[in-house]
Each structure stands twice: as C-alpha cells, then as structure tokens.
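*Asks:* Note that the protein sequences, when read in sequence, are chains W and Z.
When you line the first sequence up against the numbering used here, it's residues 4 to 354, in that order.
When you line the second sequence up against the numbering used here, it's residues 17 to 336, in that order.
Where hints are given, some of them may not hold.
The list that follows gives simulated cross-link-like pairs (lysine-lysine, BS3-like), each with its CA atoms no further than 25 angstroms apart [stated by the list, open to error]:
hint : chain 1 : residue 1 : chain 2 : residue 2
1    : Z       : K25       : W       : K241
2    : Z       : K99       : W       : K176
3    : Z       : K99       : W       : K241
From chain Z, some residues computed to sit far from chain W (all C-beta separations above 10 angstroms) [as the list claims (entries may be wrong)]:
hint : residue
4    : L30
5    : G34
6    : R37
7    : E59
8    : S60
9    : R102
10   : R105
11   : S110
12   : M111
13   : A133
14   : F159
15   : T199
16   : L207
17   : D210
18   : G276
19   : E283
Here are a few chain Z residues that sit away from chain W, every Cβ distance over 10 angstroms (derived from the structure) [stated by the list, open to error]:
hint : residue
20   : G106
21   : S107
22   : K135
23   : T200
24   : E316
What the hints contain is simulated information worked out from the structure, not anything from laboratory work.
Backbone N, C-alpha and C define an ideal beta-carbon position, used for all residues, glycine too.
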Amino acid sequence: MKIFLRRLKHTNKISFFSLWFLLFLYLLAVLADFIAPYPYDLQHREYALCPPILPRFFHDGRVSPGPFVYGIKVINPAFKEYAPDLSRIYPVRLFTKGPERTLMGFLKTNRYLFGVNGEGKIFLFGTDIHGRDVFSRVLYGSKISLSIGIIGVAISFILGLLVGGISGYFGGKTDTFLMRMVEIIMMFPFFYLMLALRAAFPPNLSSVQVYLLIVVILSLIGWASLARIIRGMVLSIKEEEYVLAARSLGLSSFRVITRHILPATFSYTVTALTLSVPGYILGESALSLLGLGIQEPYPSWGNMLSVTVGNLRILTTAPWMMIPGFFIFLAVIAFNFLGDGIRNVMDPRNW
Amino acid sequence: MERILEIRKLGVSLRGIGQERIRILQGIDISVGKKESLSLVGESGSGKTITAMSVMRLLPNNMYFDEGEILVCGSDITGLEEKELRDMRGSDVSMIFQEPSAYLNPVFTAGTQVIEAIKGCEFDRKGRTLNFLKEVGLKENVFYQYPHQLSGGMQQRVMIAMALINNPSLLIADEPTTALDVTTAYGIIELLKDMMEKHGLSVIFITHDIALAVNFARRIAVMYAGKIVELSNSEAIFNNPLHPYTERLISCLPERYKTGDRIRTIEGKVPDFRNLPGGCAFHPRCPYRKDICIREKPGETIKGDTTVRCFRYGENVEAE
C-alpha cells in the first residue's frame, strides 16, 4: 500500500491529488452533522434565494478582530433582493452551540464547527427557494451521493466477480447459461433500464427505502459487463499451475475461485472499480433530477439540481443553486483521474 | 503387506474430435506398499504424469477412465464424487510438481499457503505450520515471504510442506527436481527419504532421469507410449535391464561415458498417441526388432523379479 501510494505520487500527480481530494470529500460527508451550520430541512422563509454570505474581515476599512458577517437587509421580498445590513455585525465563531445532532450514528454533539449566534445567518453557498442553506444541504447530500457510488460498486463487484468466476471456472453449461443472462442485461440501454426498474416500484416509499432501491437498481445493471470481463480473465488464470496445485490439495471449488483465481484479477478489478464509481454517482443524480430518486426534503446532489432545471429565472438570478452540480463534476472527475492513475500504477509495463 | 496404492489394469482415453477415442494409458498395473517408493521413468509423453493425475483424479476434462480401478488405501476412487475426492486429496494422497515457482500462488506468502492446506479444525495453525516448515528444513522467516523471494529449492520445500502437512499416506512427486540444480535436487531427495522414514510415507517418484530413480526408489516402472514396459526393483533395472528401451535409457547415462565418447541417444522419437505403431510400440526404434514385434503386441512376461513386455523373453501376446 505504501509502495502503491509512493508510486502513484511519482507517476501521476493529478491522480494522487484526486485521491486526497476524494478522501477530503468523504470526510466532509461523514462529518456533515458536525460541519453543517444548519439542518438540511431548516427553512429560513424570510431569506429565500439569498446569495452567498461569506465571512468578512474588514469593517469600515479596518481589520476586525475576527471574521464576521453582516446582518441581512431584505430590500424587496417579492423579487428576493437582499443587501448586507452594515449596522449589524455578528462574529463567526468556531464550535458554536446548537440543538444536539448525532454524528456517524453514535456520537452525540451539540457543538458545530462554525456558526453565527443570534440573529445573524451564514449561508456560504446561499439559500434555495425555501430558504434552506445550500452549503448544509450539499454536505448532507454528499452523504447520499458519495455513498451510493461506493455501496453500489461494492454490490455489483461482488456479483460480477462471483458470477464471472463461477462462469469461467466451471465452463460448459453453467458458463453458457450465465453469459446469456449477462447478455440479456447488457442488451438494454442503461438509462431506460434504470428508469423502467425504478418505475416498477411504488413511488411512495420512505427515503431509506428509495435510497436502498436506487443502490440495488444501479448495481443490478452494473455487474453484467464486469462479470463478462472477469470470466475471460478466469478462463486464462484457471490454467495456471498454482490452481492445479490448490486443487491437488483438496480445496473446494469456491475456495479455489475466491482465493486463487479472483485475486489474480485484482489489478484490473481495482481500476475498473474506481472508474465505475462516477457512473453510480451520475446515475443517482440522473434519477433524482427526474424526481425518481431521493425525495425532498432529503437532499442529494441530483435532486438539489432538479429545482434549477427548467426554471430559467432561478438559473439566472441564483447561480449558486448550481453548486451541487459543481460538486458532482468534481467528484466524478476526481474518480476518473484516480482510476487512470491506478491503472498506470497497476500496469507492470509502466514500472 | 498393506497396499497404499493399487492400480489394476488402468486404461485412460482421450476424447478426440468427434467420436475419436485416443488411448493414452493401457493396462497400467502398479502397487505401492507402506513406506515403499516406486519410480515411474520414461521420456516426455510416455504417460507418467497422466498416471499420476489419474491417481489424483485431476485429469483434464476430455480424458476419462475406460477400464481398471485405482485403489487408494483399499477403496476404489475411480467412481468418487467431487466432494469425496476433495477429502481424499491432500489427506490421503498429495502431489508436488515440477516447477515450484509456477505452482505456488504469487500473491500469498508461503506461510498463508501452507496454512491453507491444513484440513480440519485446529487452534494453532500457525504454530503447526512453523514447526512443519522447520521440519522440511526452512527457517521461520520463510513463513512471511512471498514465493518470488524464495529460491527454487526453498519453493519446492514449501510445496512439500503444503503437500505433507495433513500427513497423507501417499505422495506423488512429479519430477520434483527437474527445475533444480544438482545439489539442491540432492537436498530435496534426502528430504523426501527423511519424510518417508519419519511419517511412514509412500512415494511415487516420477522422473525422466533413470539414475535419480535408481538412487531414490526401491522399485522402478519404465513407461513407454502409455504402457509399463518393465517393472522391477531398482538394482535389477540398473544392472540387468531386460527391455531394450530400458537398456537404451541406461546406456545413455553420461556417467557411463568415457572422455571423448559421443553422446548417445535413442534413435527416433516417442510416438504420437494418435498414431501408435502397430505391434510393439517401441519396434521402430528397437535394435532387436523381429517380425513378431511388428505384427503383435507383447504381453507381460515374468522373468525373476521383473515383469517385462518384450518378445525377446517369451512369445506372450497381449490379449485384446
């Protein structure tokens, strides 16, 4: 692992940076409850579509003792025009107190990373049409959007490896049957299959059910092509002498496949795994964008974007609503760079 | 005496294209007792490895038994199910191979692979593995090393540890020293002898080096074109070979040369199984060829301790 990281650093700077960037994103997702200044469903009705309010350091031409925000003056509530109220100053504090939240499912915290006390508001990425803090929602949304990629990939890879391994190892009728199944799945266009599968389930599910459903749908589509490639690799690896040796020691077929054949495919698998995470993130976004994914008020990067789609006024007057899309873009491109780098590092010809 | 392995009239065939049936092994008859060693000798393509693989029941999918039986510790294994075979492999019969570097999985440490070979439940698998590694003459740190970090001899010792850790009664060694240099090979041979002594192990030793076979095994079976042409104890084979093929093999040994001699070979080559010569399969290369050799297949003739298939020692024709 250490050698791997060092090699990644030396051969491919961008993918090394992507790795750290992704780790950072996942850290944000895990710590969302601690970092987000507001809950994802807290509506500041009076401040809907408020532009980003960033911490400031200068007041009246002088350096202030610490970062602060001005109060918000509503100029025209109908047209959502706001201006900073220079007379009210609220210092930005670290570790502010607030209602208790549960972190990572077991840690209770009533202090958040930063916040503003009293009447002041800090909206780093502005607010949406209901006056919810976009920054907080991006953090909460990343929990869903980023984890769907990992979990979906995990499920489809377990399926793909097992089916591909069994198919390649046993050959004959098993092989024919499994591969025809794979072909049936691969026959359908990805996106329409996804829509059809989603439509097959009732629309009024709880958010957890929807989340699980999306993961399952995405991974049920994703495993087929992997199974096919793994099968091809297994066909050649099973002729290796150490496989014969393992069989001569009396190991069961399952053990021979999982212990001796599949590990030899990992240099390919790890790369394919990284490169297919973006597909899941985009898949979730696409479903949510069409209103078939995660339901309001729960945020995901996809359904946060869906508000802006088809609403030109919001798009022009509140461009900060596009920020979730920017995060999708960053995550996807980082995964692609990382996958590229891993492929280079894993390829023995580049050593 | 208790027979660990008894092969009776074994025949193995290859399913060719269409209905074609190519006979690979015919009428193999060998038996190995407890603590005994038997050596299978012959050129490449004479059926030694197929015989070994038949005992392990690891034949390729397109080969099948067409006659005979294989008794391991008294029970026939030719009809066993895959699950019963798994119980047999490793715990009754084990195998080591020619090229240890290819037969060890490159992605696991030596220790992991030996531990994996242990069957049944046990608490101290690691301790047992470490002890066993010591027993086969390896240091403890080998446990944590990957196959590519070990020398050929050490790799073969790891293979031996894997094969013997369940205390099988029979070990099949398929040219275990071919890939090794002479001194390392000597060490492996000594280790095998040692293991036979200590664990009451029987060994089938497959080699094409008849000198090594004579050195190692008490009995030797010389194979040619899928048949055992001569079966005897090692002194008889070495000092008084009966079959012309055995005779040729021994006269080719470099130890028998004087300086300046040309290297002797056996004229011709091993016949193709698809296209075996009629009569005695060896007749195209045999210097003592008679008319009958071309027409008839020689049956087994017993002469002293030796069983031989050659018309020079009797007119026994093989029954079809």
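*Asks:* Please go over all the hints and tell whether each is borne out by the structure.
*Replies:* Hints versus structure:
no.	hint	in the structure
1	K25/Z / K241/W	32 angstroms, violated
2	K99/Z / K176/W	20 angstroms, holds
3	K99/Z / K241/W	19 angstroms, holds
4	L30	18 angstroms, holds
5	G34	18 angstroms, holds
6	R37	20 angstroms, holds
7	E59	21 angstroms, holds
8	S60	17 angstroms, holds
9	R102	5 angstroms, violated
10	R105	3 angstroms, violated
11	S110	7 angstroms, violated
12	M111	4 angstroms, violated
13	A133	5 angstroms, violated
14	F159	18 angstroms, holds
15	T199	24 angstroms, holds
16	L207	18 angstroms, holds
17	D210	21 angstroms, holds
18	G276	41 angstroms, holds
19	E283	33 angstroms, holds
20	G106	4 angstroms, violated
21	S107	7 angstroms, violated
22	K135	7 angstroms, violated
23	T200	19 angstroms, holds
24	E316	31 angstroms, holds
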